[in-house]
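Q: Hey, can you work out the whole structure from these sequences and the hints?
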Amino acid sequence: MVIYVLRKLAFFIGAVFVASVAIFLLLRAAGGNVAAIVLGKDATAEAINALAHSWGLDRPLPIQYFDWIFKMFTGDLGQSFRTKEAVASLVTDRLSVSIPLALSGLLLGLVIAIPVGTYAARNVGKPSGAVLALLSQIGVAVPVFWAGILLSVLFGVRLGWLPTGGWIDWSQSWVGAIRSLVLPVLSLGLIMAAVLIRYVRSAVLDVMNQDYVRTARAVGMTRTQALLQVGLRNAALPIVTIVGLQIAELIGGTVIIEMVFSLPGLSRMILANVAAREVIVVQSTVMLIIVFVIFVNFVVDLLYGILDPRIRNAA
Amino acid sequence: MTGSAPAIEVKDLSVGNGVVTAVRGVSFTIPQGGRMGLVGESGSGKSMTALALMGLLPMGWSTHGSVLHDGVDLVKQSDRAFSSRRGRTISMVFQDPLSSLNPVRRVGEQISWVIRRHTGADKKAAEQQTIELMTQMKLPRPEQLVRAYPHEISGGQRQRIMIAMALACYPQLIIADEPTTALDVTVQKQVLRLLNGAVNERGSALLMITHDLPIIAAMCDTVAVMYAGRIVEMGPVQEVFRNPRHHYTRGLLDSQPTMDNIALDGSARLVSIPGMVPPLHNLPTGCAFNPRCPAATDKCRTVMPELAGEGLQAACWHPVDSASEVAAQ
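Chains A and B supply the protein sequences, listed in that same order.
Heads up, the first sequence stops at 315 in our numbering, and the numbers go up one at a time, no gaps.
Heads up, the second sequence stops at 1329 in our numbering, and the numbers go up one at a time, no gaps.
Do not take every clue at face value.
[As the list claims (entries may be wrong)] To be clear about the criterion: a stretch of chain B counts as covered by chain A if any three or more of its residues have a C-beta under 8 Å from a C-beta of chain A, and this derived list gives those stretches:
hint	region
1	1070-1084
2	1091-1100
3	1112-1125
4	1146-1152
5	1160-1167
Simulated from the structure, these hints should not be mistaken for lab results.
Glycine included, each C-beta is placed from N, C-alpha and C at the ideal position.
A: Set out below in structure tokens:
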């Protein structure tokens, strides 16, 4: 197991490195001359050069890259060109919105998908199973923003139970913060659930046809016991895989949901900074998200090792 | 145990899924401690018969007829009631021990689960019994092996684990479905010897499913030959193998490679039965074997023969001995 973890850790570090180079080069290639764009078309060459120099953009690329990376290790994510605000402090504020949103959305998705998907698998070929499969199919087809708008119209406008959008900060009122998160989390969670239900259903269905489930029943497990004690434990592997893959989907979903419900989250901040050509802010925050996604996949790999002795030993 | 009642009494068992019928009116009885072999080609319905007895048919398949065992009709049992019997009074050893063991549980846990389920033993006692059982199964270093996962041990060891699970609670009847087919030839004999010994020691009855006739000859008292979902011949092993009455049994025996029919120059003179097993959805009328049978007549093509005879029973209008007379006429 130790060798397995070390190997996965090496892979994690390698992936982060490659991603950092890619994001750095992409932003340089796509950004054009940032100083020129910011100063407008009437600016003189001297003014542009002076601004580029003051932002450190005239240094050779490798130096810019290593400067950025080494500072990241010390927790310095750079600062905004214009406001001089530290990116780290900009980000932490935003994360107090985005992290609860993304994690609760994912959790809600799983809490719905695992039992419903398992139920659908047990009732395959029966009307109840078919209805669930159909509902999840529809759920997959519903864009997350539309789900958000529908929920907002129903619970916010019609019933008036919850705010239709906006944000009350945790420091002001945590009840208010939770209230502003309920509808966004619900939209994200339902859409996640719709996708996951289908995977859970097919994973459980596949496992239940395995010989070892038959053996479990041949030595005295009831159908339900075999499903819960043998089936789900073995189905966990493909389910964990798909959850890992859905993380990227989840982050995409939070971008849209933050727009729909006007939440001051990380995604909205990135979009605003892309428009403002704040290269360092975008570079550092995107890098943070990438590290998070790679980290989740690292955790998924570790879970494989815990869930499946065959993988653990193969390393 | 209910006195001298048979270990299992199968009456007119049929298994179908609404489209095809894989087992068609099979009846047989295995007395307490008796050993019956069930032979036939793939698709003859022997595995379906076994799964029907265990109540473990794949989804969509259903059973008709009756299976009397330990005072109840298994066909009428609910899943819950049946599950308390499986592994306790009736149990089964499957063909491929790798796919049949749970890949993510240690083998010791899998055996001790069965003991705890049916005897109510506590964890410690069950673990102790597991180690004893594994010692009986001649597994090396059982104290360490309990912690192994199925993929970490050899095929022969896996099948011993499977047998240990099936025999843990001294069942009245053990069904073994091709228990050595997936194993290396070198360990087949060891595993069979072990199964034989363990079944003997427990006084359990055995239903041995295989297409390997020498195994049946060595381990069973009676044999039933299945073809296209029906038993076509049944009787004491010696009689059936020495003097088969059904032409299909004759053909099966002739197509077994033995030392006698391998010529000195190394070429084998094996006989094979012409034609193929008919598909279940398109069975010929009359005797299902008639298109491949050397003695088939118009009667065979129209009227289905029933099992007949004392001791050795065959479902054939022109049994082997009289076949030469038919041909002579």
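Q: Evaluate each hint against the coordinates.
A: A quick look at each hint next to the structure:
| no. | hint | in the structure |
| --- | --- | --- |
| 1 | 1070-1084 | holds (count 4) |
| 2 | 1091-1100 | holds (count 6) |
| 3 | 1112-1125 | holds (count 4) |
| 4 | 1146-1152 | holds (count 3) |
| 5 | 1160-1167 | holds (count 3) |
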